[in-house]
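Q: Spelled out from the first residue to the last, the chains are:
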Amino acid sequence: MLNLPSPDQIVQRARSLKAATLDLLVPSQVAQVLATVLTRWRDREFAPRHATIVRTAEHLGFSIPLLEESLDALLAPFTRDALAQLAARVVARRELLGFVMAGNVVGAGLHEVVLGLLAGAGLLVKTASREPWFFQELANTLAQEDRRVGARLQVSNWSRTRADLTRTLREVTDELIPYGDDSTIVAVGGRRGAMVGFGSRLSAALVTRGAARGGGPAQQVAGCLARDVTLFEQLGCLSPHQIFVECDGEGDALAFAERLGHAMGELANRLPPPLHLELEDAGALRSVRETARWRALAGERVRAIEGPGLSWVVIFDPDADLSPAPGLRCVRVSAVRNPADLAARLAPVHGKLEAFAIASNGDNISTIGEVLAASGVSYLAEPGAMQSPPLTWRHGGGWFLDRMTVGQ
Amino acid sequence: MTIQEQVLSFIHRPEPERFDSLALDVFAFQYVSVPAYRRYCDYLCVLPETLSSPDRMPLVSTVAFKYASLCAPDSGKLPGALTFLTSGTTQGRQRRGLHVVARADIYRASALSHLRATMFPDGARMRMLAIHPTAERVPESSLSTMITWCMAEFGQGPLLCAADRLSLDVETALAFLRRAAADAAPVCILGTTAAYAAIFHELAARREAIALPPRSRMMDTGGPKGQLVALGAGEVVELARYHLGIDPAYVINEYGMTELCSQLYDATEFNAPGEAAGERLKLAPPWMRPLAIDPVTLRHLPDGTRGLLGFIDLANVNSVSAVLTEDLGMVHQGRVRILGRASVGGPRGCALSVAQFEGGA
Numbered sequence: 090m091l092n093l094p095s096p097d098q099i100v101q102r103a104r105s106l107k108a109a110t111l112d113l114l115v116p117s118q119v120a121q122v123l124a125t126v127l128t129r130w131r132d133r134e135f136a137p138r139h140a141t142i143v144r145t146a147e148h149l150g151f152s153i154p155l156l157e158e159s160l161d162a163l164l165a166p167f168t169r170d171a172l173a174q175l176a177a178r179v180v181a182r183r184e185l186l187g188f189v190m191a192g193n194v195v196g197a198g199l200h201e202v203v204l205g206l207l208a209g210a211g212l213l214v215k216t217a218s219r220e221p222w223f224f225q226e227l228a229n230t231l232a233q234e235d236r237r238v239g240a241r242l243q244v245s246n247w248s249r250t251r252a253d254l255t256r257t258l259r260e261v262t263d264e265l266i267p268y269g270d271d272s273t274i275v276a277v278g279g280r281r282g283a284m285v286g287f288g289s290r291l292s293a294a295l296v297t298r299g300a301a302r303g304g305g306p307a308q309q310v311a312g313c314l315a316r317d318v319t320l321f322e323q324l325g326c327l328s329p330h331q332i333f334v335e336c337d338g339e340g341d342a343l344a345f346a347e348r349l350g351h352a353m354g355e356l357a358n359r360l361p362p363p364l365h366l367e368l369e370d371a372g373a374l375r376s377v378r379e380t381a382r383w384r385a386l387a388g389e390r391v392r393a394i395e396g397p398g399l400s401w402v403v404i405f406d407p408d409a410d411l412s413p414a415p416g417l418r419c420v421r422v423s424a425v426r427n428p429a430d431l432a433a434r435l436a437p438v439h440g441k442l443e444a445f446a447i448a449s450n451g452d453n454i455s456t457i458g459e460v461l462a463a464s465g466v467s468y469l470a471e472p473g474a475m476q477s478p479p480l481t482w483r484h485g486g487g488w489f490l491d492r493m494t495v496g497q
Numbered sequence: 038m039t040i041q042e043q044v045l046s047f048i049h050r051p052e053p054e055r056f057d058s059l060a061l062d063v064f065a066f067q068y069v070s071v072p073a074y075r076r077y078c079d080y081l082c083v084l085p086e087t088l089s090s091p092d093r094m095p096l097v098s099t100v101a102f103k104y105a106s107l108c109a110p111d112s113g114k115l116p117g118a119l120t121f122l123t124s125g126t127t128q129g130r131q132r133r134g135l136h137v138v139a140r141a142d143i144y145r146a147s148a149l150s151h152l153r154a155t156m157f158p159d160g161a162r163m164r165m166l167a168i169h170p171t172a173e174r175v176p177e178s179s180l181s182t183m184i185t186w187c188m189a190e191f192g193q194g195p196l197l198c199a200a201d202r203l204s205l206d207v208e209t210a211l212a213f214l215r216r217a218a219a220d221a222a223p224v225c226i227l228g229t230t231a232a233y234a235a236i237f238h239e240l241a242a243r244r245e246a247i248a249l250p251p252r253s254r255m256m257d258t259g260g261p262k263g264q265l266v267a268l269g270a271g272e273v274v275e276l277a278r279y280h281l282g283i284d285p286a287y288v289i290n291e292y293g294m295t296e297l298c299s300q301l302y303d304a305t306e307f308n309a310p311g312e313a314a315g316e317r318l319k320l321a322p323p324w325m326r327p328l329a330i331d332p333v334t335l336r337h338l339p340d341g342t343r344g345l346l347g348f349i350d351l352a353n354v355n356s357v358s359a360v361l362t363e364d365l366g367m368v369h370q371g372r373v374r375i376l377g378r379a380s381v382g383g384p385r386g387c388a389l390s391v392a393q394f395e396g397g398a
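For the record, the sequence lines run as chains A and B. With my numbering applied, the first sequence closes on residue 497, and no number is skipped along the way. With my numbering applied, the second sequence closes on residue 398, and no number is skipped along the way.
Keep in mind that the hints were calculated from the coordinates and are not lab data. Predicted, not measured: the structure shown is a model, and the values here were computed from it. Treat the hints with care, since some could be wrong.
Stated by the list, open to error - Covered by chain A, per the in silico footprint, the following chain B stretches (three or more residues, Cβ under 8 angstroms):
| # | region |
| --- | --- |
| 1 | 71-79 |
| 2 | 341-352 |
| 3 | 357-369 |
Stated by the list, open to error - Each pair of labels, with its calculated beta carbon distance range:
| # | chain 1 | residue 1 | chain 2 | residue 2 | range |
| --- | --- | --- | --- | --- | --- |
| 4 | A | His148 | B | Pro251 | 49 to 57 angstroms |
| 5 | A | Ala140 | B | Gly269 | 39 to 47 angstroms |
| 6 | A | Val180 | B | Glu239 | 34 to 42 angstroms |
| 7 | A | Trp488 | B | Ala242 | 35 to 43 angstroms |
| 8 | B | Asp206 | A | His351 | 36 to 44 angstroms |
| 9 | A | Arg237 | B | Gly315 | 33 to 41 angstroms |
As the list claims (entries may be wrong) - Heads up, incomplete: computed chain B residues facing chain A, CB under 8 angstroms, no partners named:
| # | residue |
| --- | --- |
| 10 | Val100 |
| 11 | Tyr104 |
| 12 | Gly282 |
| 13 | Pro285 |
| 14 | Pro332 |
| 15 | Val333 |
| 16 | His337 |
| 17 | Ala379 |
Note that CB positions come from ideal geometry on N, CA and C, so glycine has one too.
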């Protein structure tokens with residue numbers, strides 16, 4: 090099924106896509122087609138989706154329930170209405186865009202692919218060896234639903250040994266968009282073909298003083314944030330790495346960490362963790378746990394609340410600044426005194442923040458919003474909705490959205 | 038005989054069949070004398086009286102040396118005790134690990150005995166060039182101490198240290214090497230891979246090669262640490278041959294760390310004739326047992342299986358002998374293949390590495 094092209098075939102596909110962009114489809118028509126296709130993909134019984142999930146589960150060792158719920162979260166915002174509204178905002182772009190997908194999150198890049206299709210661009214997508222199925226199956230569904238829209242999306246896959254094919258992709262596209270880290274974008278910039286991309290980002294959450302207190306509501310918040318952490322095995326830029334709890338002492342933060350641990354454990358029963366881990370990932374997770382363990386043994390106010398093996402861990406580290414975790418259900422809980430303290434804790438990753446969930450009873454919300462806006466957060470979310478950004482998500486700061494749309 | 042004397046005796050006259058029983062005795066000693074280790078063992082419910090095999094000794098992560106005092110109380114104040122700090126380049130909290138070596142004579146015996154077996158199996162003594170600062174310049178560096186001991190033990194004729202805490206004097210180092218070449222006197226060079234990279238870079242810039250005499254040798258350590266563009270192990274061997282005329286069998290990479298009193302060295306045709314074909318593996322001394330550990334279960338993995346590297350180092354008798362590193366590797370019949378390092382890394386997000394992108398992962 091995987092589509093391994095030769096360099097000549099990439100050139101031919103580019104020509105074919107360019108020709109397809111001359112077909113004057115209006116965005117609202119494309120939106121209708123996409124709505125139909127993505128409605129099918131939201132159905133867990135839809136055969137291509139099921140096949141994608143089964144293959145991905147086998148390949149990555151992720152559990153099928155986890156992948157099902159993750160994909161549900163990603164696809165949820167792609168409603169007919171939302172697509173129609175976005176279609177009304179796009180500007181026509183009869184160009185050829187190349188996408189190099191990362192593969193750490195199934196379907197990552199869908200927002201930009203949909204935007205590109207609505208704008209009338211031709212899209213040449215190179216999938217990752219780690220997850221080569223989603224966009225291929227989506228393209229097949231699209232082509233079956235509407236030949237003209239389907240003609241604007243071509244998906245290929247090749248391995249890291251085929252640098253010649255990646256070079257060709259760069260040469261034939263008007264713009265190449267890698268889902269890569271900052272060093273990737275710097276390293277490949279300045280070569281033939283424009284180069285932009287989505288750099289390294291991470292996400293976090295805040296539970297305000299009011300939301301942290303009270304058993305039931307706080308447990309509900311913990312459950313929602315546990316889901317945000319767990320979906321996609323915490324490997325995407327929307328996955329929270331750290332949860333800050335606003336409190337005067339540390340008691341509320343520790344209590345929330347325990348609630349979160351409880352929720353992570355329950356979720357691990359419903360959405361089982363990976364059956365096997367890559368050695369490098371397991372080593373990183375082990376390192377995080379051992380660090381927490383030994384800091385605690387040394388008398389620091391650190392505590393690891395953990396599931397069996399390396400399945401999940403909540404590390405209560407009250408004074409920690411925001412820093413990346415290894416993913417795979419590893420999250421820190423820290424205490425902050427007020428919005429100014431939060432700003433200081435976010436400073437080390439200034440400009441690297443993607444999403445931020447806020448659990449609040451309305452307390453201090455405008456000040457917190459200012460802090461997060463100043464930190465470059467692109468998506469403010471309710472707990473439990475971090476993995477479901479709207480179609481107007483300003484991913485990576487919004488450069489792609491701004492390029493493809495007009496108006497608010 | 039104290040447990041320390043038993044270990045020292047083992048280092049001088051290894052009896053592999055005694056390793057297990059001595060390791061259990063060392064564990065019992067450490068359980069009693071190192072409070073932080075005892076707390077950890079109690080947490081794991083592993084007690085000396087119930088431990089039947091050293092393979093079940095609780096392994097202490099190298100990160101523990103950053104946070105806990107893994108030695109007997111006040112052992113750092115004993116006469117002759119040494120205190121070493123890690124280089125502080127590991128990721129995460131930028132705290133430096135600390136290893137108190139209460140008996141420097143045991144560390145010295147371990148370091149020199151295995152250096153003798155791997156770097157000087159021919160019994161040679163020769164000129165020495167350190168391209169890493171020696172102990173009087175960086176007393177908290179275990180590598181500096183080891184280099185100093187090596188120069189004193191195996192050096193003969195001119196000895197030079199061309200580095201201080203902040204820099205390497207490449208010009209002085211090259212002058213020393215040119216003189217050795219002119220005198221046809223073999224030389225041993227000791228330093229980090231990064232320091233060798235600086236030497237090679239300078240020689241390449243000058244289009245110069247120094248033909249060191251046969252039996253010249255070099256020990257490099259540290260791998261990519263401190264290098265902007267890391268030299269691979271094969272590149273080091275090749276560049277040493279090209280720029281310095283050193284026979285590849287005499288280019289020996291060391292694997293060691295502040296947290297361990299014993300080191301491992303490449304097996305080559307020089308120190309393991311007839312046994313060093315193919316990819317280089319590292320030789321541990323008889324008083325150190327390398328292990329590949331499953332990071333999930335912390336259990337030992339079978340020979341040839343990739344895991345986190347762990348060691349039971351009897352020379353660590355006064356701190357903790359069972360140490361779990363953050364390095365990935367595998368063990369083949371007691372020899373070690375280093376595969377890299379587990380890294381918490383930076384934010385991944387929608388991230389590909391440069392290599393992944395360039396290769397179209």
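Q: Which of the stated hints cannot be reconciled with the structure, identified by number in ascending sequence?
A: Of the numbered hints given earlier, those the structure breaks are 6, 8, 9, 12, 13, 16, listed in rising order.
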